[in-house]
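S.K.: Line order of the protein sequences matches chains A and B. First residue of the first sequence: 1, per the working numbering; consecutive thereafter. First residue of the second sequence: 1, per the working numbering; consecutive thereafter.
FYI, nobody ran anything at the bench for these hints, they're computed from the structure. Hints may contain errors.
[Unchecked claim] Which chain A residues face chain B? A few, computed with CB under 7 Å, are given here:
| # | residue |
| --- | --- |
| 1 | Leu-137 |
| 2 | Ile-190 |
| 3 | Ile-200 |
| 4 | Gly-201 |
| 5 | Val-239 |
| 6 | Ala-245 |
| 7 | Leu-265 |
[Stated by the list, open to error] FRET-style restraints, in silico, Cβ to Cβ:
| # | chain 1 | residue 1 | chain 2 | residue 2 | range |
| --- | --- | --- | --- | --- | --- |
| 8 | B | Ser-296 | A | Pro-231 | 19 to 29 Å |
| 9 | A | Ile-150 | B | Asp-33 | 36 to 46 Å |
| 10 | A | Ala-34 | B | Leu-219 | 40 to 50 Å |
| 11 | A | Asp-11 | B | Leu-219 | 25 to 35 Å |
| 12 | B | His-28 | A | Gly-225 | 54 to 64 Å |
All residues carry an ideal CB built from backbone N, CA and C; glycine is no exception.
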Amino acid sequence: MEHEFPGFWRDAWRRFSSNRPALFALWTLAAIAAMAIFGPLFSSYSYYDIHLEWHDTPPGPKFWFGSDELGRDLFTRIWWGARISLFIGIAAAVIDMIFGVIWGSVAALAGGRLDETMMRVCDILYAIPYLLVVILLTVIRGSGIATILIAMTCTGWINMARIVRGQILQIKEYDYVVAARLNGASNARILMRHLIPNAIGPIIAAVTLTVPTAIFTEAFLSFLGLGVQAPAASWGVMVNDGLSAMRYYPWRLLFPSAMLTLTMLSFNLLGNTLRDALDPRLRR
Amino acid sequence: MIQFLFNKSLILLLSLWVVVTGTFFLMHAIPGDPFIGDRVIPEEVMRSLYAYYGLDQPLWLQYIKYLKGLFHGDLGISMVYHGRSVGHFIGEAFPISALLGLSALCVAIPSGIFLGTIAAMKRNRWHDTAAMIISTIGISDPNFVLASFLQYVFCMKLHVFPVARLESLAHGVLPTFALAALPTAFIARLTRSNMVEVLQQDYIRTALAKGLPLFRIALHHGLRNAILPVITYLGPVATQILTGSFMIERIFAIPGLGQWMIHSIHGRDYPMILGLTVFFSTGLMIAMFLVDIAYSLLDPRIRIQKKREAHGT
Numbered sequence: 001m002e003h004e005f006p007g008f009w010r011d012a013w014r015r016f017s018s019n020r021p022a023l024f025a026l027w028t029l030a031a032i033a034a035m036a037i038f039g040p041l042f043s044s045y046s047y048y049d050i051h052l053e054w055h056d057t058p059p060g061p062k063f064w065f066g067s068d069e070l071g072r073d074l075f076t077r078i079w080w081g082a083r084i085s086l087f088i089g090i091a092a093a094v095i096d097m098i099f100g101v102i103w104g105s106v107a108a109l110a111g112g113r114l115d116e117t118m119m120r121v122c123d124i125l126y127a128i129p130y131l132l133v134v135i136l137l138t139v140i141r142g143s144g145i146a147t148i149l150i151a152m153t154c155t156g157w158i159n160m161a162r163i164v165r166g167q168i169l170q171i172k173e174y175d176y177v178v179a180a181r182l183n184g185a186s187n188a189r190i191l192m193r194h195l196i197p198n199a200i201g202p203i204i205a206a207v208t209l210t211v212p213t214a215i216f217t218e219a220f221l222s223f224l225g226l227g228v229q230a231p232a233a234s235w236g237v238m239v240n241d242g243l244s245a246m247r248y249y250p251w252r253l254l255f256p257s258a259m260l261t262l263t264m265l266s267f268n269l270l271g272n273t274l275r276d277a278l279d280p281r282l283r284r
Numbered sequence: 001m002i003q004f005l006f007n008k009s010l011i012l013l014l015s016l017w018v019v020v021t022g023t024f025f026l027m028h029a030i031p032g033d034p035f036i037g038d039r040v041i042p043e044e045v046m047r048s049l050y051a052y053y054g055l056d057q058p059l060w061l062q063y064i065k066y067l068k069g070l071f072h073g074d075l076g077i078s079m080v081y082h083g084r085s086v087g088h089f090i091g092e093a094f095p096i097s098a099l100l101g102l103s104a105l106c107v108a109i110p111s112g113i114f115l116g117t118i119a120a121m122k123r124n125r126w127h128d129t130a131a132m133i134i135s136t137i138g139i140s141d142p143n144f145v146l147a148s149f150l151q152y153v154f155c156m157k158l159h160v161f162p163v164a165r166l167e168s169l170a171h172g173v174l175p176t177f178a179l180a181a182l183p184t185a186f187i188a189r190l191t192r193s194n195m196v197e198v199l200q201q202d203y204i205r206t207a208l209a210k211g212l213p214l215f216r217i218a219l220h221h222g223l224r225n226a227i228l229p230v231i232t233y234l235g236p237v238a239t240q241i242l243t244g245s246f247m248i249e250r251i252f253a254i255p256g257l258g259q260w261m262i263h264s265i266h267g268r269d270y271p272m273i274l275g276l277t278v279f280f281s282t283g284l285m286i287a288m289f290l291v292d293i294a295y296s297l298l299d300p301r302i303r304i305q306k307k308r309e310a311h312g313t
């Protein structure tokens with residue numbers, strides 16, 4: 001693509017970097033990622049050290065973000081949680097996107113009976129109670145991050161497939177696609193050059209939305225005892241724990257949910273701008 | 001048209017059968033049984049319980065029996081709440097969840113579309129950022145956190161709304177809001193994303209050149225084209241919202257359908273799991289069918305394509 005449109009990426013970057021909220025989002029995400037990697041090094045506690053005599057300490061010089069009901073340092077736990085949550089969120093979103101885009105675009109392009117069958121498969125997978133699959137997987141594989149990820153992605157891609165299919169059904173009727181077809185372009189070429197690039201907006205929007213959904217599905221599973229196991233904690237689990245302590249120890253809810261909201265806001269701003277920047281028609 | 005409907009309902013029944021079969025064998029593959037609880041049950045009692053509910057028979061026989069019952073519209077009897085029929089459970093709990101879900105959808109759809117449209121019309125201006133911040137808060141606060149927060153602020157601190165249960169209109173306000181937050185945000189994002197693109201099309205420029213006000217153009221020319229992904233998204237989500245949310249119902253102590261799925265899976269209440277799955281998937285398939293119809297109604301190009309295919313060209 002690059003050599004055919006010289007400066008496409010440079011153009012996209014120029015449009016991206018002229019947007020101040022997007023740059024802010026990019027730096028925020030970079031900072032959070034850096035803290036997820038190096039954050040625990042700054043603290044003298046580990047995420048599982050229990051200090052019962054210091055339980056529920058407010059934020060201060062001893063515990064920067066306060067401590068939880070077992071006296072564990074929230075600062076360390078937040079960055080450990082960042083590793084787990086960000087990994088689950090991003091991995092789930094990427095896997096969902098790959099499966100969803102392939103499934104949805106093949107269905108829409110094939111049309112007819114194959115399309116019908118593929119979409120009914122989606123409905124069927126969606127209708128089978130998801131919790132049964134998770135429990136069965138936990139029984140077979142034991143609980144852990146990989147199990148959660150498999151369980152989440154086995155139905156997670158369906159939403160993406162539906163959105164992609166809807167987009168492509170619409171786009172494939174446009175004149176330029178018909179023209180490409182008349183010129184003898186193969187299905188694969190039409191898909192890669194005309195359909196997917198033009199559907200990229202809703203795809204990116206849906207991907208950035210999958211990240212928080214995945215993080216909270218994990219929290220929900222943890223709530224039911226099927227997610228990340230203690231003493232490890234994800235952001236979702238920490239928010240969940242913080243809820244019960246909201247009235248008396250608000251910092252236990254405040255820090256994890258603030259981190260989460262900040263991350264999500266950054267992902268969203270990034271997704272929005274990326275979507276606009278990657279579409280050459282949107283110059284204004 | 002009759003042929004079309006006939007085909008569709010045949011496919012629906014077939015999918016339903018696959019779902020029931022899948023769920024049936026899936027749930028029996030999980031260890032545990034409905035009668036293991038806190039108390040120790042003597043072996044003889046256990047054996048007679050198994051015999052009474054037919055669990056001592058081979059799995060395939062149980063399966064055939066269930067299908068037979070299902071064919072006659074019989075969803076069976078709960079194994080945990082002895083003697084209550086699954087149909088009775090659904091009949092009692094579904095209207096409550098549906099009422100709540102319907103009001104949440106009535107909030108989510110218009111406000112999501114409104115936010116998304118405004119954001120797209122005023123792209124990269126403060127309206128856009130504000131709408132996206134609202135929708136981000138809706139997405140990044142999971143509904144159980146939002147629900148607990150609302151309950152804390154409005155019920156315990158300000159005493160504006162009753163804390164829990166669903167007895168009057170005031171009881172419904174907070175759960176509705178908590179339930180509507182995520183779909184509102186999602187719809188807003190999808191609408192914006194598409195609207196931005198639609199607003200760049202030539203026919204919008206033409207309409208602008210004719211001097212029509214931007215607001216009217218967005219409403220008449222833009223929205224109809226931008227709304228397809230929203231409808232795709234709404235099919236499954238509406239079904240999910242109407243059949244209740246476990247977390248919201250738990251926090252506000254609402255006796256809806258949402259909690260039963262989780263409870264029945266935890267309790268290995270086989271007929272309940274299956275009955276709820278049948279109920280949910282029927283709803284889902286009908287919703288997807290409606291989405292398909294809405295598609296061809298909203299975008300004539302898709303309809304033409306279908307016709308062309310039907311004529312075999």
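S.K.: With reference to the structure, classify each hint as holding or not holding.
M.R.: We went through each hint and held it up to the structure:
no.: 1; hint: Leu-137; result: 10 Å, violated
no.: 2; hint: Ile-190; result: 15 Å, violated
no.: 3; hint: Ile-200; result: 10 Å, violated
no.: 4; hint: Gly-201; result: 5 Å, holds
no.: 5; hint: Val-239; result: 6 Å, holds
no.: 6; hint: Ala-245; result: 11 Å, violated
no.: 7; hint: Leu-265; result: 5 Å, holds
no.: 8; hint: Ser-296/B <-> Pro-231/A: 19 to 29 Å; result: 54 Å, violated
no.: 9; hint: Ile-150/A <-> Asp-33/B: 36 to 46 Å; result: 26 Å, violated
no.: 10; hint: Ala-34/A <-> Leu-219/B: 40 to 50 Å; result: 45 Å, holds
no.: 11; hint: Asp-11/A <-> Leu-219/B: 25 to 35 Å; result: 32 Å, holds
no.: 12; hint: His-28/B <-> Gly-225/A: 54 to 64 Å; result: 21 Å, violated
This entry does not satisfy hints 1, 2, 3, 6, 8, 9, 12, going by the numbered hints stated previously.
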